[in-house]
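Participant: Chain order of the listed sequences is S and R. In this text, residue positions in the first sequence follow my numbering: the first is 1, and each later residue adds one. In this text, residue positions in the second sequence follow my numbering: the first is 1, and each later residue adds one.
It cannot be assumed that every hint is accurate.
Unchecked claim - Negatives, chain R to chain S, calculated, CB over 12 Å:
| no. | residue |
| --- | --- |
| 1 | Ser36 |
| 2 | Ala49 |
| 3 | Leu82 |
| 4 | Gly93 |
| 5 | Lys120 |
| 6 | Phe124 |
| 7 | Leu139 |
| 8 | Lys143 |
| 9 | Lys189 |
| 10 | Ile236 |
What the hints assert, rightly or not - Output of the computed footprint for chain S on chain R, the stretches with three or more beta carbons under 8 Å from beta carbons of chain S:
| no. | stretch |
| --- | --- |
| 11 | 68-80 |
| 12 | 160-171 |
It should be emphasised that the hints constitute simulated quantities derived from the structure, not laboratory data. None of these values were measured; they are calculated from a predicted model. Using N, Cα and C, we set each Cβ at its ideal position, and we do this for glycine too.
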Amino acid sequence: MTFSNLYLYQIVVIIVSVIMIFQGFQRFAKRESGQTIFKLLLRIAVWGGMVGVVIFPKFTYQLAHSIGITGNINAVILTGFLLVFLMIFKLLSAIERLEQNISELTRKDSLKEIKKED
Amino acid sequence: MPTERTNITNLQNDKKPTNPKLGVGVYIVIPAFNESLVINSVIDEIKVAGYNNIIVIDDGSSDNTCGKAKEISGVTVLCHKLNRGKGAAAKTGIEAAKLLGADIIVTMDGDGQHDPVDIKKLIFPIINENYDVVLGSRLKNPKGMPWYKIVHNKIANLITWYLYGLWVTDSQSGFRAYSRKAADDIDTKGDRYEYESEVIREIYKHKLKYCEVPIQVRYTDYSMGKVQKQGFVNGIKTFYKMIWRIIH
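Only chain S is shown next, with the shape it has when bound in the complex (with noise of 0.2 Å):
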């Protein structure tokens, strides 16, 4: 396969996943806060399977046809779907809740001089 060969859409995938996967490098390198290698190693299978895929799209074939879901697929692509939804809502609901949490405690600093003089 050559680069020539590819489509827009593969090209635009592997660009993408190349450059995750280098941030995710680079911020283990700076021991920035929350970095673990547990994170370094799902990031890099997330967005090295992607390269995979889009590299080698035949191998979707043969993984449906190994784990028996050949006829299936889209359905598993759907429940696929619905998960990462799932998950980002879930996020967004922590991401909420600590946004929330964040506010309070700045309130309740902030009053600290009114209770103070009280």
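Dock chain R against chain S, hints included.
Facilitator: Below, chain R alone, put in the same frame as chain S:
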């Protein structure tokens, strides 16, 4: 810390209050973010209008708004260490006013676009007609208001009405007055501009008695130039937040 309470009888020269609560405490809450250039003149104007209980909440400004506001004596200045948004700052101010024993709380913007002379119009229905919330409405007096702001407001009103069930002419106005009861009842979660619409939802939810009064807004180059104002992008974000709170 302000100790002097604004005597309503001095403010209502045209009509004596029928409310027996004389010497009622009116607190003016000003959420401010990077308003160091104008915050002192805003405070001075409020004092000239006859209100001395002023609470400024510096919402994590990077331009020493907090220090500037503290230059004026008798003003309660609270500082958010982090920028949490206009809604969060207004809520902090209302909590502070409650702690200081406020009977009526007025919120107004820190960029000088609201005229303190209108405070009298806002608190009058609470004192004399037992209203819980009085909403200052720019759309009842749109003179000088840019056309795109009118359009933006009308869209916001429509969305607020559709999502929260209450039609008001200016759902995004920050110039409002609350009775103590309303301040106790209203419970908002929105930190940013969605706060204004959430107040409308709370009015509906708690069946608070409310009315709208026309207010004068002074659009200056300064106030129009501020990037964190409710523009198109912020409007979209506000809409998203409102939807999120409903499905969440």
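Participant: Each of the hints needs a verdict: does it hold here or not?
Facilitator: So, going through the hints one by one against the coordinates:
1. With a least CB separation of 18 Å from chain S, R:Ser36 remains clear of the 12 Å interface cut-off, as annotated.
2. For R:Ala49, the non-interface assignment is confirmed: its Cβ lies about 24 Å from the closest Cβ of chain S, beyond the 12 Å cut-off.
3. The beta carbon of R:Leu82 sits about 5 Å from the closest Cβ of chain S, which is not more than 12 Å, so the claim that it is off the interface is violated.
4. Here R:Gly93 does not stay apart from chain S, with its beta-carbon only about 10 Å from theirs, under the 12 Å limit.
5. For R:Lys120, the shortest C-beta to C-beta distance to chain S comes to about 26 Å, beyond the 12 Å cut-off, and the non-interface label holds.
6. With 12 Å as the threshold on Cβ separation, the claim that R:Phe124 sits away from chain S holds: the shortest Cβ distance comes to roughly 28 Å.
7. No beta-carbon of chain S comes within 12 Å of the beta-carbon of R:Leu139; the shortest separation is about 29 Å.
8. The Cβ of R:Lys143 lies farther than 12 Å from every Cβ of chain S, with a closest approach of about 36 Å, so its non-interface assignment holds.
9. Look at R:Lys189: its CB is around 6 Å from the nearest CB on chain S, not clear of 12 Å, so calling it non-interface is violated.
10. Every C-beta of chain S lies more than 12 Å from that of R:Ile236, the closest at about 16 Å, which supports listing it as non-interface.
11. A count of 4 residues in the stretch 68-80 of chain R with a Cβ less than 8 Å from any Cβ of chain S is obtained; the coverage claim is therefore met, three being the minimum.
12. Only when three residues or more bring their CB closer than 8 Å to a CB of chain S does the claim for the stretch 160-171 of chain R stand; here the count is 0, and the claim is violated.
Checked against the numbered hints listed earlier, the structure breaks hints 3, 4, 9 and 12; every other hint is satisfied.
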